[in-house]
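Visitor: Protein chains in written order, with the UniProt record's numbering: chain A, 1 to 131; chain B, 1 to 131; chain C, 1 to 131; chain D, 1 to 131; chain E, 1 to 131; chain F, 1 to 131.
Hints were generated in silico from the structure; no laboratory data involved.
Treat the hints loosely; a few may be bogus.
Unchecked claim - Straight line, CA to CA, 20 angstroms or less: simulated EDC-like cross-link-like pairs of lysine to aspartate or glutamate:
id, chain 1, residue 1, chain 2, residue 2
1, D, Lys-29, B, Asp-127
2, A, Lys-29, C, Glu-23
3, E, Lys-80, E, Asp-9
Stated by the list, open to error - Quick list of the computed label-pair ranges, beta carbon to beta carbon:
id, chain 1, residue 1, chain 2, residue 2, range
4, F, Lys-29, D, Thr-129, 57 to 67 angstroms
5, A, Asp-13, D, Ser-6, 17 to 27 angstroms
6, E, Pro-35, F, Ala-128, 29 to 39 angstroms
Said to hold, decoys possible - Facing chain D, according to a computed beta carbon distance under 8 angstroms, are these residues of chain F, among others:
id, residue
7, Ala-16
8, Pro-20
9, Leu-57
10, Val-81
11, Tyr-106
12, Pro-110
All residues carry an ideal CB built from backbone N, CA and C; glycine is no exception.
There are 6 protein chains.
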Amino acid sequence: MAEHKSALDAGRDVVARLNPPLEGALAEKYDALVPGFAESLVEWAYGRHYARPNLDLKTRQLCTISALTVLGGQTAPQLKVNIKHTLAAGATREEIIEAIWQMAVYGGLPAAINGLNAAQELFDELDATTA
Amino acid sequence: MAEHKSALDAGRDVVARLNPPLEGALAEKYDALVPGFAESLVEWAYGRHYARPNLDLKTRQLCTISALTVLGGQTAPQLKVNIKHTLAAGATREEIIEAIWQMAVYGGLPAAINGLNAAQELFDELDATTA
Amino acid sequence: MAEHKSALDAGRDVVARLNPPLEGALAEKYDALVPGFAESLVEWAYGRHYARPNLDLKTRQLCTISALTVLGGQTAPQLKVNIKHTLAAGATREEIIEAIWQMAVYGGLPAAINGLNAAQELFDELDATTA
Amino acid sequence: MAEHKSALDAGRDVVARLNPPLEGALAEKYDALVPGFAESLVEWAYGRHYARPNLDLKTRQLCTISALTVLGGQTAPQLKVNIKHTLAAGATREEIIEAIWQMAVYGGLPAAINGLNAAQELFDELDATTA
Amino acid sequence: MAEHKSALDAGRDVVARLNPPLEGALAEKYDALVPGFAESLVEWAYGRHYARPNLDLKTRQLCTISALTVLGGQTAPQLKVNIKHTLAAGATREEIIEAIWQMAVYGGLPAAINGLNAAQELFDELDATTA
Amino acid sequence: MAEHKSALDAGRDVVARLNPPLEGALAEKYDALVPGFAESLVEWAYGRHYARPNLDLKTRQLCTISALTVLGGQTAPQLKVNIKHTLAAGATREEIIEAIWQMAVYGGLPAAINGLNAAQELFDELDATTA
């Protein structure tokens, strides 16, 4: 039983490092529509995956960036959130761009270009915020 | 002009690290069907992408593993080749498995399970060879 | 011969239940670009599929909702139209949300979240209309 | 804490109805490769999704059949497992075939035909077993 | 009424040019599982699409080859059938290979390579038959 | 060495026929983010693919239109650019529409409808410009 509590708790520990307000924001946006949504997502994605040993968080995030890129432009909102998380995990913008552009080989040029566009938008938003 | 020669040459340098017989094997299998195939692939994938600075080769390979996983079971042959390359780039089997399994979050369980199956097959082949 | 007339006619009967103005709206929007578009769509989608026996219309519509969800955010406009049709076929909003959210297992979280967003938008539009 | 225990337990209750040996079979096949795999899958897929209220299990399974069909032939193994589960949930073979064939409208003919092929294979296997 | 009869008949005329035994073979393989399958497919795919004016049959077939290639290895059986149809429509093997390989740009290298593999298999089968 | 210079140069020759300002526009938009982007894209897509012999440029472009259509609405920006290129390669609007609509058979109705929407938007933009 303890271990299942720790799946959710371990997920929350990862979220605390990457994006502390995430669970609250998800709950506010989706829990009325899908009861249990935010907790379920944190438990599964962060507790059952990102919290696992054997691969560091920064590399996990770069893998996610690449995967969202080949999944296509439909995942642009998730790609932007995850680029933020990847920066929080210690990656540079240059590393992120490489993880996107390389996907032209596997997912084709349109997917890679849509990924670059999402990154550019996010970088512009970050620069506007800090300017 | 030199720089374009170096796109192919830089690609060949990466291939020399990851899988020296690759270009020859691709040429033998595909160049009669598609004249220029092997050279074109090495130039584009390895010279124009893997040879780029700003992201280390091992992380690039783990990103590729994740992307091929979410692209689905149709890429199993390419996934197995790239798992070999990822081992050659210095990743452990555990790191590779993590880069695959995490994809259940983004590409769904069937894609992740098909990816694990491809990895298991490749590991079994490697173990059979070295046994 | 009679049975082919009935493919189109059977399709029109289904459309009459789900969304009477559909064929006219499609004809107005697409028939100049693609002569025969609306009739062809009604015949194929509704006459050759939804009008078939052995599965009730409400379940057919919920299956469509799930499929459009895993096909990704690119199908948001079609998803919204089909959520309307699914309500017209007798499903509740709660059933529709479940048919979407369950797809996180098969198509990944981004596809499921994009599907929830489309449903929320449609529900908001319906509520605004009836308010 | 209790509620997270129940996500796994609720998942196990669903699995008990659909396919009792599933968790053990998954553990045997995958837990050495991915520690915690079987438990994690049962908790997420069955506890966090199929066990939810508001949509009956048979309809949930038919939705899954449709989704796996449009995801393409790469999901044939998962489609066959889920067709078994759908029969266990009370659907007829005819209902399952309809949930597959209708997908020609949304995922295209190749995906629908590959889905029909998977169903035919599974039906043949079941008939051979019971013959 | 006549026009709907002619959708099916127009489809049969195209099939007569590309692959005369197709409808019978489809009926034998699928009509027991999906009543009306073969007729429905001929009417929709060949009557409502390939029989349309404004684009010649050979170009239509080459477009189909490219589309099946980017849809991924899951469509290999359909790709092989359509390569045969494309040869029947007057294309050369070289043209077909170009329509596949170019897809590396849009669908990525794995999809293009899987497409080349399907073409090579089909060419080998044809050569074995005529040898 | 000369032949690799000519991959880029051959690509530039094709671009000169289809869309002369393309390389400059891509460089301005992406080269700061991805050093070498524009040159790399011209070399790979146009030099290593469109410049190849054995398939005429107009047919290549129509194949691309079909492929981008089945890849889904996420590729709408690329589809619109390529529709322009296809017109420049000598195709009529009617031919382009046929290459899109036929894809309903292979990629499903939502993908085909999204493709028609992209074409209609581009045609409207062109008509507004010339009006």
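Visitor: Work down the list of hints and note, for each, if the structure agrees.
Guide: Results for each hint:
A threshold of 20 angstroms between alpha carbons decides the hint, and for Lys-29(D) with Asp-127(B) the separation of about 17 angstroms falls inside it, so the pair holds. About 35 angstroms separates the Cα atoms of Lys-29(A) and Glu-23(C), which puts this hinted pair outside 20 angstroms; it is violated. Using a Cα cut-off of 20 angstroms, the hinted pair Lys-80(E) and Asp-9(E) is violated, with the two alpha carbons roughly 25 angstroms apart. Distance hint for Lys-29(F) and Thr-129(D): a CB-CB separation of about 60 angstroms, consistent with the stated range 57 to 67 angstroms.
Against the hinted window of 17 to 27 angstroms, the Cβ-Cβ separation of Asp-13(A) and Ser-6(D) comes to about 22 angstroms, which satisfies the hint. The beta-carbon spacing between Pro-35(E) and Ala-128(F), approximately 49 angstroms, falls outside the hinted interval of 29 to 39 angstroms. The beta carbon of Ala-16(F) comes no nearer than 36 angstroms to any beta carbon in chain D, farther than 8 angstroms, and the hint placing it at the interface is violated. Annotation: Pro-20(F) was flagged as interfacial toward chain D, and the flag is violated, the nearest CB pair being 36 angstroms apart, outside 8 angstroms.
Taken as an interface hint, Leu-57(F) does not check out: its beta carbon lies about 27 angstroms from the nearest beta carbon of chain D, beyond 8 angstroms. The interface hint given for Val-81(F) is broken, as the beta carbon of that residue sits about 24 angstroms from the closest beta carbon of chain D, more than 8 angstroms. Given the 8 angstroms rule on beta carbons, the hint for Tyr-106(F) holds: about 5 angstroms separates it from the nearest Cβ of chain D. Against a cut-off of 8 angstroms between C-beta atoms, the interface hint on Pro-110(F) holds, since the closest Cβ of chain D lies about 6 angstroms away.
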